Amino acid sequence: MNAQVIGPESRPAIMRGFRLQWEAAQNAQVLLFPEGMIKLNGSAGEIMKRCDGARTIAEITADLERAFATAGLLDDVVRFVEMAVGKQWLRITP
Amino acid sequence: MSTPLTESAPASAAEPAAALASKPGPPLWLLLELTYRCPLHCAFCYNPTNYAQSGPELDTGDWIRVLREARALGAVQLGLSGGEPLMREDLEEIVAEAHSLGFYSNLITSGVGLTETRIKALKESGLDHIQLSFQDSSRQMNDFLSSTRTFELKSKVAALIKQYDYPMVLNVVLHRLNIDHVEEILQMALRLGADYVELANTQYYGWAWHNREQLLPSRAQVQRAEETMQRFRETLSEPMRIFFVVPDYFERRPKACMNGLGSIFLTIAPDGTALPCHAARMLPDLTFPNVRSAGVAEIWYDSASFNHFRGDGWMKEPCRSCPEKARDFGGCRCQAYLLTGDAANADPVCDLSPHHHLVTEAVARAEVPASSQPAHAERPLVFRSDLNSATLFSDKSGA
Numbered sequence: 029m030n031a032q033v034i035g036p037e038s039r040p041a042i043m044r045g046f047r048l049q050w051e052a053a054q055n056a057q058v059l060l061f062p063e064g065m066i067k068l069n070g071s072a073g074e075i076m077k078r079c080d081g082a083r084t085i086a087e088i089t090a091d092l093e094r095a096f097a098t099a100g101l102l103d104d105v106v107r108f109v110e111m112a113v114g115k116q117w118l119r120i121t122p
Numbered sequence: 216m217s218t219p220l221t222e223s224a225p226a227s228a229a230e231p232a233a234a235l236a237s238k239p240g241p242p243l244w245l246l247l248e249l250t251y252r253c254p255l256h257c258a259f260c261y262n263p264t265n266y267a268q269s270g271p272e273l274d275t276g277d278w279i280r281v282l283r284e285a286r287a288l289g290a291v292q293l294g295l296s297g298g299e300p301l302m303r304e305d306l307e308e309i310v311a312e313a314h315s316l317g318f319y320s321n322l323i324t325s326g327v328g329l330t331e332t333r334i335k336a337l338k339e340s341g342l343d344h345i346q347l348s349f350q351d352s353s354r355q356m357n358d359f360l361s362s363t364r365t366f367e368l369k370s371k372v373a374a375l376i377k378q379y380d381y382p383m384v385l386n387v388v389l390h391r392l393n394i395d396h397v398e399e400i401l402q403m404a405l406r407l408g409a410d411y412v413e414l415a416n417t418q419y420y421g422w423a424w425h426n427r428e429q430l431l432p433s434r435a436q437v438q439r440a441e442e443t444m445q446r447f448r449e450t451l452s453e454p455m456r457i458f459f460v461v462p463d464y465f466e467r468r469p470k471a472c473m474n475g476l477g478s479i480f481l482t483i484a485p486d487g488t489a490l491p492c493h494a495a496r497m498l499p500d501l502t503f504p505n506v507r508s509a510g511v512a513e514i515w516y517d518s519a520s521f522n523h524f525r526g527d528g529w530m531k532e533p534c535r536s537c538p539e540k541a542r543d544f545g546g547c548r549c550q551a552y553l554l555t556g557d558a559a560n561a562d563p564v565c566d567l568s569p570h571h572h573l574v575t576e577a578v579a580r581a582e583v584p585a586s587s588q589p590a591h592a593e594r595p596l597v598f599r600s601d602l603n604s605a606t607l608f609s610d611k612s613g614a
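The listed protein sequences correspond, in order, to chains E and D.
When we follow our numbering, the leftmost residue of the first sequence carries the number 29, and every step to the right adds one.
When we follow our numbering, the leftmost residue of the second sequence carries the number 216, and every step to the right adds one.
Don't read these hints as lab results, they were simulated from the structure.
Quantities reported herein were computed from a predicted structural model and do not represent experimental measurements.
Possibly wrong hints are sitting among the right ones.
Keeping only pairs whose Cα atoms sit at most 25 Å apart, straight-line, the calculated DSS-like set for lysine-lysine is [stated by the list, open to error]: (1) D:Lys377 <-> E:Lys115; (2) D:Lys338 <-> D:Lys377; (3) D:Lys470 <-> D:Lys377; (4) D:Lys531 <-> E:Lys115; (5) D:Lys371 <-> D:Lys335; (6) E:Lys115 <-> E:Lys77.
Simulated coverage check for chain D against chain E, where a stretch passes if three residues somewhere in it have a Cβ under 8 Å from a Cβ of chain E [claimed, not checked]: (7) 336-347; (8) 429-439; (9) 559-571.
Even glycine gets a Cβ: it sits at the ideal position worked out from N, Cα and C.
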């Protein structure tokens with residue numbers, strides 16, 4: 029599982045047993061998992077909430093670029109997904 | 216139970232935890248100790264040794280009110296612990312309420328009482344995760360350390376946890392009598408299909424404090440265990456994560472205990488006493504509020520005992536002027552009190568503490584093989600039991 033190549037066609041999903049939810053008290057998306065939690069910053073939260081296991085990184089990126097009226101986010105999204113997969117917050121669906 | 220694992224995200228993905236903030240944030244982490252009743256009798260339990268003198272347990276309605284009030288403040292991680300929380304027949308009802316409020320719920324259990332009927336009901340109630348404790352990898356040692364015959368039962372419970380598609384966290388408390396079995400413990404965890412393994416070195420509070428001389432491993436044992444764990448981790452082909460909770464007696468800096476008292480953790484003891492840490496009831500001169508007579512918001516933000524150790528005004532030297540105080544908050548208040556008699560002293564684990572010798576002397580005593588220790592070789596382990604709690608430890612501290 030360490031040798032996984034992550035690219036535009038990969039479909040990331042939240043790790044089994046983990047939950048992403050909006051926490052008003054923290055004004056942030058928070059990732060909840062066994063005995064731990066991570067408060068995500070704005071861009072990490074926007075990426076994570078689109079990781080539904082169905083959409084590809086390319087589709088997630090296009091959606092983000094539309095939502096924030098910007099371009100050229102693909103490398104940032106791939107890098108974030110690589111980091112999050114390494115930390116086992118995300119998994120890549122087959 | 217061990218200290219919960221609050222990972223901090225890398226700078227690119229998360230904001231730093233507020234350190235020594237003037238206004239406290241919300242109690243993000245709520246631990247409900249639903250009961251002190253427990254079918255096990257572990258000699259390293261952190262429950263107070265005088266738990267038998269604790270008042271009546273909160274009823275279902277009280278626990279549900281606590282959940283609602285804490286959630287309204289922003290609490291989101293929920294630990295359901297004890298004692299053995301499965302001793303409460305209303306556990307499913309409490310879990311269902313927690314789930315509907317949006318908590319992420321963790322059941323911290325010995326597995327005793329976790330039948331298929333109950334795990335099915337807990338799943339349907341929305342329980343998110345189960346942490347199962349083992350005392351050792353062998354039936355003989357597991358059963359000795361818990362003073363019960365529970366090894367086979369725990370193995371069956373582990374299979375049920377997998378069957379009901381829960382992430383499985385195995386927790387094994389390490390000490391002198393089982394730390395040499397780390398390899399076997401990790402093999403057992405693999406066999407059981409654990410997703411996470413916590414190798415939690417004993418923290419010396421409650422019953423563990425009473426039994427410290429028998430439980431503290433030697434430095435060589437700790438080093439071997441850590442090397443074994445590292446080797447095992449490197450050869451692992453399956454996605455099992457291993458956490459090694461470092462034994463702080465062997466460190467030179469203290470742990471950032473509870474991220475500072477009153478910063479993110481709120482514990483409610485079985486009788487409704489609200490505590491900034493599950494061991495804090497031992498701290499002298501503080502009267503902790505009770506949820507029977509005060510609301511959670513008032514307790515968290517306004518009570519004198521929760522405000523007492525916030526910020527750094529309470530600190531003495533060497534902490535007060537120490538550049539590291541924002542990182543470790545002076546360590547653990549309970550450990551400072553147990554070892555030095557003053558909860559405001561630096562945690563003696565820190566080698567800048569004038570009391571550090573109290574830790575190094577305890578470690579030095581652990582270097583001597585048990586066979587040549589006349590003083591405590593004679594002294595048996597005292598297992599946690601109602602009788603021992605009621606008869607041996609009538610002192611107020613319960614430490």
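Taking the hints in turn, this is what the structure says about them:
1. D:Lys377 <-> E:Lys115: Judged against 25 Å, a Cα distance of about 22 Å means the pair holds.
2. D:Lys338 <-> D:Lys377: holds (12 Å)
3. D:Lys470 <-> D:Lys377: violated (33 Å)
4. D:Lys531 <-> E:Lys115: violated (39 Å)
5. D:Lys371 <-> D:Lys335: holds (15 Å)
6. E:Lys115 <-> E:Lys77: Cα-Cα ~17 Å, so holds.
7. 336-347: With 3 residues in contact (Cβ-Cβ under 8 Å with chain E), the coverage given for the segment 336-347 of chain D holds.
8. 429-439: violated (count 0)
9. 559-571: violated (count 0)
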